[in-house]
Amino acid sequence: GESVGLHLPTLSVQEGDNSIINCAYSNSASDYFIWYKQESGKGPQFIIDIRSNMDKRQGQRVTVLLNKTVKHLSLQIAATQPGDSAVYFCAESGAGSYQLTFGKGTKLSVIP
Amino acid sequence: DGGITQSPKYLFRKEGQNVTLSCEQNLNHDAMYWYRQDPGQGLRLIYYSQIVNDFQKGDIAEGYSVSREKKESFPLTVTSAQKNPTAFYLCASLSGQGNYGYTFGSGTRLTVV
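Line by line, the protein sequences give chains A and B. So the first sequence is numbered by the numbering used here: it starts at -12 and just counts up by one. So the second sequence is numbered by the numbering used here: it starts at 18 and just counts up by one.
Rather than coming from a laboratory, the hints here were simulated on the basis of the structure. The beta carbon of each residue, even a glycine, is placed where N, CA and C say it ideally should be. A hint or two may mislead.
Unchecked claim - Mimicking EDC-like on lysine to aspartate or glutamate, the simulated pairs with C-alpha atoms at most 20 Å apart in a straight line are:
{"#": "1", "chain 1": "B", "residue 1": "88", "chain 2": "B", "residue 2": "71"}
{"#": "2", "chain 1": "B", "residue 1": "26", "chain 2": "A", "residue 2": "18"}
{"#": "3", "chain 1": "A", "residue 1": "94", "chain 2": "A", "residue 2": "4"}
{"#": "4", "chain 1": "B", "residue 1": "26", "chain 2": "B", "residue 2": "47"}
{"#": "5", "chain 1": "A", "residue 1": "94", "chain 2": "A", "residue 2": "71"}
{"#": "6", "chain 1": "A", "residue 1": "91", "chain 2": "B", "residue 2": "71"}
{"#": "7", "chain 1": "A", "residue 1": "91", "chain 2": "B", "residue 2": "55"}
{"#": "8", "chain 1": "B", "residue 1": "100", "chain 2": "B", "residue 2": "32"}
{"#": "9", "chain 1": "A", "residue 1": "43", "chain 2": "A", "residue 2": "26"}
{"#": "10", "chain 1": "A", "residue 1": "58", "chain 2": "A", "residue 2": "36"}
{"#": "11", "chain 1": "A", "residue 1": "29", "chain 2": "A", "residue 2": "71"}
{"#": "12", "chain 1": "A", "residue 1": "91", "chain 2": "A", "residue 2": "4"}
{"#": "13", "chain 1": "B", "residue 1": "87", "chain 2": "B", "residue 2": "32"}
{"#": "14", "chain 1": "A", "residue 1": "29", "chain 2": "B", "residue 2": "41"}
{"#": "15", "chain 1": "A", "residue 1": "94", "chain 2": "B", "residue 2": "55"}
{"#": "16", "chain 1": "A", "residue 1": "29", "chain 2": "B", "residue 2": "79"}
{"#": "17", "chain 1": "B", "residue 1": "31", "chain 2": "B", "residue 2": "79"}
{"#": "18", "chain 1": "A", "residue 1": "55", "chain 2": "A", "residue 2": "26"}
Stated by the list, open to error - Quick list of the computed label-pair ranges, beta carbon to beta carbon:
{"#": "19", "chain 1": "A", "residue 1": "81", "chain 2": "B", "residue 2": "44", "range": "20 to 26 Å"}
{"#": "20", "chain 1": "B", "residue 1": "96", "chain 2": "A", "residue 2": "57", "range": "41 to 47 Å"}
{"#": "21", "chain 1": "B", "residue 1": "76", "chain 2": "A", "residue 2": "40", "range": "25 to 31 Å"}
{"#": "22", "chain 1": "A", "residue 1": "57", "chain 2": "B", "residue 2": "97", "range": "31 to 37 Å"}
{"#": "23", "chain 1": "B", "residue 1": "56", "chain 2": "A", "residue 2": "83", "range": "51 to 57 Å"}
To be verified - Residues of chain B placed beyond 10 Å of chain A at every Cβ, according to the derived structure:
{"#": "24", "residue": "74"}
{"#": "25", "residue": "90"}
{"#": "26", "residue": "100"}
{"#": "27", "residue": "111"}
{"#": "28", "residue": "120"}
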C-alpha cells in the first residue's frame, strides 16, 4: 500500500536555531496532511495540518510546507526550545478518507 | 474538558492471559481507532470503528478484538493469541466533521511478564 516516510530518523539542533523536519509521501491522491508531536510516554499531540490545495500554512512558531510536485512535506520550527524535544510524525489521508497513514517519526533533540 | 481517556496507564499481562484496555471519549466523535506503537516504529492500525456496533480490522488485527457498543467507548482486548503483545497502545478518535485530525489518548503501556 501507499506509505508515508521520513528522510531523517534523528535531528539535533542548538537551542534558538530553526528546525526543519522532512517527510516524503508516495500517494499522489493524498489530500490532507498533519504533523503530530509525541513526548516520551505520551500520546501524539496535534501541531499543524494542511490540505492539498495549499502549499504553506503557519502556526505559532511552526510552519508546514507542502510540495505536491515532489510529494514532500516539511515542518519548520522557529527558535527551537528544549520543550520542543520529542518525536515528530507526519501523517496523510486521501480525499474523503477518515484514516491516517503515519510515518515512522523523527526524534528532535534540542541542545541547550 | 472534552477528551479521550485511556486506562490503565501501565498494564502487565501473564502468558496466556487476555487483557482489556479501556478507551473512553466525551468528544461526541463518531470514529475511534486503536494503534500499536513499538520502539522506533510508527503507528500501526489494529482496529477502527466509524459507527456504533460496527468495526473493521486494521493492518495488524490478529490476536486482538474490539467492541463498540456505545459511541463513547471502544475497548481493546489483547488475547492470548497475540504472541508479542508488549507495546505502547494508543487510542484515537475523529469527529469526521471537516477536521480530519485525530485526537489521541495518553496511551497504555502493556508488558508481558
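These are the hints, each one checked on the structure:
The straight-line distance between the Cα atoms of residue 88 of chain B and residue 71 of chain B is roughly 11 Å, inside the 20 Å bound, and the hint therefore holds. The straight-line distance between the Cα atoms of residue 26 of chain B and residue 18 of chain A is roughly 34 Å, outside the 20 Å bound, and the hint therefore fails. Between residue 94 of chain A and residue 4 of chain A the alpha-carbon distance is near 16 Å, which keeps this suggested pair within the 20 Å criterion. For the proposed pair residue 26 of chain B and residue 47 of chain B, the alpha carbon gap of about 24 Å is over 20 Å, so the pair is violated.
This hinted pair checks out: residue 94 of chain A and residue 71 of chain A have alpha carbons roughly 10 Å apart, not beyond 20 Å. Between residue 91 of chain A and residue 71 of chain B the CA atoms are separated by roughly 29 Å; this puts the pair beyond 20 Å, and the hint is violated. Among the hinted pairs, residue 91 of chain A with residue 55 of chain B is consistent with the structure: their alpha-carbon atoms are about 10 Å apart, no more than 20 Å. Proximity of residue 100 of chain B to residue 32 of chain B is assessed by CA-CA distance (about 9 Å); at most 20 Å being required, the pair is judged to hold.
Using a Cα cut-off of 20 Å, the hinted pair residue 43 of chain A and residue 26 of chain A is violated, with the two alpha carbons roughly 25 Å apart. Using a Cα cut-off of 20 Å, the hinted pair residue 58 of chain A and residue 36 of chain A holds, with the two alpha carbons roughly 15 Å apart. A distance of roughly 14 Å separates the Cα atoms of residue 29 of chain A and residue 71 of chain A; the hinted pair therefore holds under the 20 Å criterion. A hinted pair counts as satisfied when its Cα atoms are at most 20 Å apart, and residue 91 of chain A with residue 4 of chain A does not qualify at roughly 24 Å.
About 30 Å separates the Cα atoms of residue 87 of chain B and residue 32 of chain B, which puts this hinted pair outside 20 Å; it is violated. For the hint linking residue 29 of chain A to residue 41 of chain B, the alpha-carbon distance of about 16 Å falls within 20 Å, and the restraint holds. As the CA atoms of residue 94 of chain A and residue 55 of chain B are separated by approximately 14 Å, the hinted pair is consistent with the 20 Å bound. A C-alpha spacing of about 25 Å is found between residue 29 of chain A and residue 79 of chain B, which places the hinted pair above 20 Å, so the restraint is violated.
With a CA separation close to 19 Å, the supplied pair residue 31 of chain B and residue 79 of chain B stays within the 20 Å bound. Distance restraint check for residue 55 of chain A and residue 26 of chain A: the Cα-Cα separation of roughly 29 Å exceeds the 20 Å cut-off, and the hinted pair is therefore not satisfied. The beta-carbon spacing between residue 81 of chain A and residue 44 of chain B, approximately 23 Å, falls within the hinted interval of 20 to 26 Å. The beta-carbon spacing between residue 96 of chain B and residue 57 of chain A, approximately 43 Å, falls within the hinted interval of 41 to 47 Å.
At roughly 29 Å, the beta-carbon separation of residue 76 of chain B and residue 40 of chain A lies within the given 25 to 31 Å, and the hint holds. Between residue 57 of chain A and residue 97 of chain B the C-beta distance comes to about 47 Å, which lies outside the given range of 31 to 37 Å. For residue 56 of chain B paired with residue 83 of chain A, a C-beta distance near 33 Å fails the hint of 51 to 57 Å. No beta-carbon of chain A comes within 10 Å of the beta-carbon of residue 74 of chain B; the shortest separation is about 12 Å.
No beta-carbon of chain A is positioned within 10 Å of the beta-carbon of residue 90 of chain B; the least distance is around 17 Å. Look at residue 100 of chain B: its CB is around 23 Å from the nearest CB on chain A, clear of 10 Å, so calling it non-interface holds up. Separation of residue 111 of chain B from chain A is inadequate, the least Cβ-Cβ distance of about 6 Å not exceeding the 10 Å criterion. With a cut of 10 Å on Cβ distances, residue 120 of chain B falls inside the contact zone with chain A, its closest approach being about 8 Å.
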